[in-house]
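Can you make the complete structure from the sequences, with help from the hints?
Protein chains: 2
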Amino acid sequence: MSGAKHEAAIIGGGVIGGGWAARLLLNGWDVRVFDPDPAARHKTEAVLANARRALPGLWDTRPPAEGHIRYCQSISETARDVPLVIEAVPERLEVKHLVYEAIETVNETGLIASSTSGLMPSDLQSKMCHPQRLIVAHPFNPVYLLPLVELVAGQQTDPAKIAEATGIYRALGMYPLHCRVEIEGFLSDRLQEALWREALWLLKDKVATAQELDTAIAFGPGLRWAQMGTMQTFHLAGGEGGMRAMLAMFGPCLKWPWTKLTDVPELTDTFVEMVGQQCDAQAGGRDPRQLEQIRDDNLVAILRALKGRDWGAGHSLNQADDARRAADPEPDFRAPVRVLEQVVPSNWTDYNGHMNEARYLEAFSKGTDRFMEMVGVDAAYIASGGSYFTAETHIRHLAEVRAGGKIRVDTLLLSGRGKKMHIFNRMSDATGRLLATGEQILIHVSLKTRRASPPADHIADKLTMIEAHHAKLPRPEGIGRAVGQRPSAKP
Amino acid sequence: MSGAKHEAAIIGGGVIGGGWAARLLLNGWDVRVFDPDPAARHKTEAVLANARRALPGLWDTRPPAEGHIRYCQSISETARDVPLVIEAVPERLEVKHLVYEAIETVNETGLIASSTSGLMPSDLQSKMCHPQRLIVAHPFNPVYLLPLVELVAGQQTDPAKIAEATGIYRALGMYPLHCRVEIEGFLSDRLQEALWREALWLLKDKVATAQELDTAIAFGPGLRWAQMGTMQTFHLAGGEGGMRAMLAMFGPCLKWPWTKLTDVPELTDTFVEMVGQQCDAQAGGRDPRQLEQIRDDNLVAILRALKGRDWGAGHSLNQADDARRAADPEPDFRAPVRVLEQVVPSNWTDYNGHMNEARYLEAFSKGTDRFMEMVGVDAAYIASGGSYFTAETHIRHLAEVRAGGKIRVDTLLLSGRGKKMHIFNRMSDATGRLLATGEQILIHVSLKTRRASPPADHIADKLTMIEAHHAKLPRPEGIGRAVGQRPSAKP
Chain A
42 MSGAKHEAAI IGGGVIGGGW AARLLLNGWD VRVFDPDPAA RHKTEAVLAN ARRALPGLWD
102 TRPPAEGHIR YCQSISETAR DVPLVIEAVP ERLEVKHLVY EAIETVNETG LIASSTSGLM
162 PSDLQSKMCH PQRLIVAHPF NPVYLLPLVE LVAGQQTDPA KIAEATGIYR ALGMYPLHCR
222 VEIEGFLSDR LQEALWREAL WLLKDKVATA QELDTAIAFG PGLRWAQMGT MQTFHLAGGE
282 GGMRAMLAMF GPCLKWPWTK LTDVPELTDT FVEMVGQQCD AQAGGRDPRQ LEQIRDDNLV
342 AILRALKGRD WGAGHSLNQA DDARRAADPE PDFRAPVRVL EQVVPSNWTD YNGHMNEARY
402 LEAFSKGTDR FMEMVGVDAA YIASGGSYFT AETHIRHLAE VRAGGKIRVD TLLLSGRGKK
462 MHIFNRMSDA TGRLLATGEQ ILIHVSLKTR RASPPADHIA DKLTMIEAHH AKLPRPEGIG
522 RAVGQRPSAK P
Chain B
42 MSGAKHEAAI IGGGVIGGGW AARLLLNGWD VRVFDPDPAA RHKTEAVLAN ARRALPGLWD
102 TRPPAEGHIR YCQSISETAR DVPLVIEAVP ERLEVKHLVY EAIETVNETG LIASSTSGLM
162 PSDLQSKMCH PQRLIVAHPF NPVYLLPLVE LVAGQQTDPA KIAEATGIYR ALGMYPLHCR
222 VEIEGFLSDR LQEALWREAL WLLKDKVATA QELDTAIAFG PGLRWAQMGT MQTFHLAGGE
282 GGMRAMLAMF GPCLKWPWTK LTDVPELTDT FVEMVGQQCD AQAGGRDPRQ LEQIRDDNLV
342 AILRALKGRD WGAGHSLNQA DDARRAADPE PDFRAPVRVL EQVVPSNWTD YNGHMNEARY
402 LEAFSKGTDR FMEMVGVDAA YIASGGSYFT AETHIRHLAE VRAGGKIRVD TLLLSGRGKK
462 MHIFNRMSDA TGRLLATGEQ ILIHVSLKTR RASPPADHIA DKLTMIEAHH AKLPRPEGIG
522 RAVGQRPSAK P
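Chains as they are written, first to last, in the working numbering: chain A, 42 to 532; chain B, 42 to 532.
None of these hints come from the bench; they were simulated from the model.
Any given hint could turn out to be false.
Pairs involving identical chains hold if they fit within one copy or between any two copies, as the list cannot separate such chains.
To be verified - Here are the simulated DSBU-like pairs of lysine-lysine, each with C-alpha atoms no more than 30 Å apart in a straight line:
1. K513 with K447
2. K447 with K407
3. K513 with K245
4. K447 with K489
No experiment lies behind these values; they were computed from the predicted model shown.
Here you go:
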């Protein structure tokens, strides 16, 4: 896509149409939207507001200037002279036929992309004047965030239109999957609906509640599915034997009365070998051990992302951390305070093969959070409107540390009076080797005014007590240093 | 769990038994393992090696001292006198009955937990002397990482054993899900197998390959399933009307010939209302808009985690970033170099409601990576064995920035001769307001020796050129400052 303005028409402004509008606009396209429902504009604006707050955060680049949205009064006004018309109306064939008829009165050449979840493109295009330009481009909610879009051609579709669409959706940051065989439901909804149908049976039979069924996914298989699908996941579960072993082991179980619907394809040798070869091809020459480690590192990264959100599996991991910390002995403030002790996660390293520089500050920051808690700046205090903001940081990276290495941070309180807190952190490994120092100044603020303010008395008292203790301790080398200043120089 | 040593027996040392051993050992338990297969010890050690490199990275706390593993020669040696016996042998009822018989000759009171994926605990315990202590505790591969464990009681199980097991698995960092109704396959495998069965049909009919089916999950629905299950996901896809609207909209589609197996429960008003109420309960009083934003922030965090891994959906996002950067104009080295321009993602903020201090360094670090690329320190150069390591950093946090805010980093090269590079970064927002400065010293190293070394000539030449340009520019305020040093003071 060059820098020229692109323009698309969207017929239907619900969750899906609004999602398309948002993805296009935030990628710099101009968009015209038509929906006969008077509430559609409000719905589209709501989706757009969500997209504005979430999508640009996926990009490590400058966001393009947002395109312009125009709400139109008719299909003909919307679809006239645009190179791309997205249809996102209800899943009724006769409604879609009427929409295409209206589009074709004003637009003879633009790509027409239906968002249908499962109707066959051959049926969609059957009454069109120029059917060769219709494709299915099936997205997933939220359309502005999820990369997958299934592309399906009908019998009359010009194959070049799939290639054209692939380029468009890639430029929109999506991952086009060409479904080569035209079937109802395509690929993703076939798989999703099989699962959903089973879920509905389990609800119907009162075996489990909606929440229990969701837990059975989001705390286990769902974490795997965010990074490898069912086939690769089971290829790994089969151990050294891979998918072939898995089919031998669990193939017979598929015939047990485990689900409401137990018809399964016959697992002939030919079929097992075909599936096995496809799984090998997918592994791309990686042996099972390599794939396992890739999977594990992906899971650590995903689970840590959920910890940061304190949601789902991440929430339960945070609770486990809290329980472990609660078992720690009371801190001894007569010595530097041990504020962090953990292992370097695999996703904290970078292309240099060691912990990335930003993770040093992340560790210091987490340590400072812990120190704050110890002196009374806990969740309740923060909710009451007081907190500390970091004003300044000086880090010396003295030694490397790799994934799996143990790190600890000890905090020396240089001064803690008034609004200002001055600390000196030392990070060391399990052998006591110094890895880094981090000197910081923090300022107590009111979270309402966002300005400096004195801390509550009980916090001031505790800091004064710790400062008095720490004043008796030796001052470690490196305090008060500017960047590049030699140890011998005096500031 | 107190600090006392716990000990467990594991019968069966494959992927699942080895995974249990790893989770227990790394949580400080002692473990005895028995498997008649001579290769089992090797397999268990391989799983343990994987677990050691991945699991502690999930914890933001000090890892417990690892327990001791003993490989035993018989079931009786393994199971004697331990409070927990984990059975992880093949899915054959008669084999499991023999194992329980052998366990009961030496252990009358310990909890016996079967790892079966789908056999009924009532059938497992039917021949036991003390059947009240048998439960199913069904884990998910990799057992050492995934939190879910399904707990199922048989007809003869003492209900107190489920409570006891819940405590044990929580202390092991897991998320126990009590499956209240005993059915084959429990909950998670019912759902997984429905999906897998459909996948096998699609493979059989040559509609898609294993890789295409996995893409249809991992780039779309799988990303949702890592943080919300099918029910909550569709509750949101239903828009304002939630699950009730979704069932009205797509319920009829479930009767279309979309899958091989289309028998569905009748969607009576009563049933729809029951499911709707359960989805409301699960939402916990959050309205759809709040839930959508939670979902979106979760997805941004998960997708960014996958970007960091350059895997799956994260790889395609990185490719999109690269394509956007490739369209940038050539940098003008006569001015400070624009090395970063992006939006603050929602998962970069903290409890103070602004970008966390560590993310300032992450942004500076990414900017420096970009600057390195511009001067020739790209992936190929790093693969050849040269790179720069950060030795020292001084950050002044001058103003807050929130999620969604635009940030830019401009780099001034203070000196770039020899092994050392001295830079001064300024981070500003879209209005040009200064948010932070970051002064850094980096050292060129050989990645083989991990010691300082001179950069390649073409890099040295480029840095010399930029340094000469930048020497003519005004020096911004704040260079060479130590932490806490006032602007007026001279170093």
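Results for each hint:
| no. | hint | in the structure |
| --- | --- | --- |
| 1 | K513 with K447 | within (29 Å within a copy, 45 Å between copies) |
| 2 | K447 with K407 | both (15 Å within a copy, 25 Å between copies) |
| 3 | K513 with K245 | neither (69 Å within a copy, 76 Å between copies) |
| 4 | K447 with K489 | between (38 Å within a copy, 23 Å between copies) |
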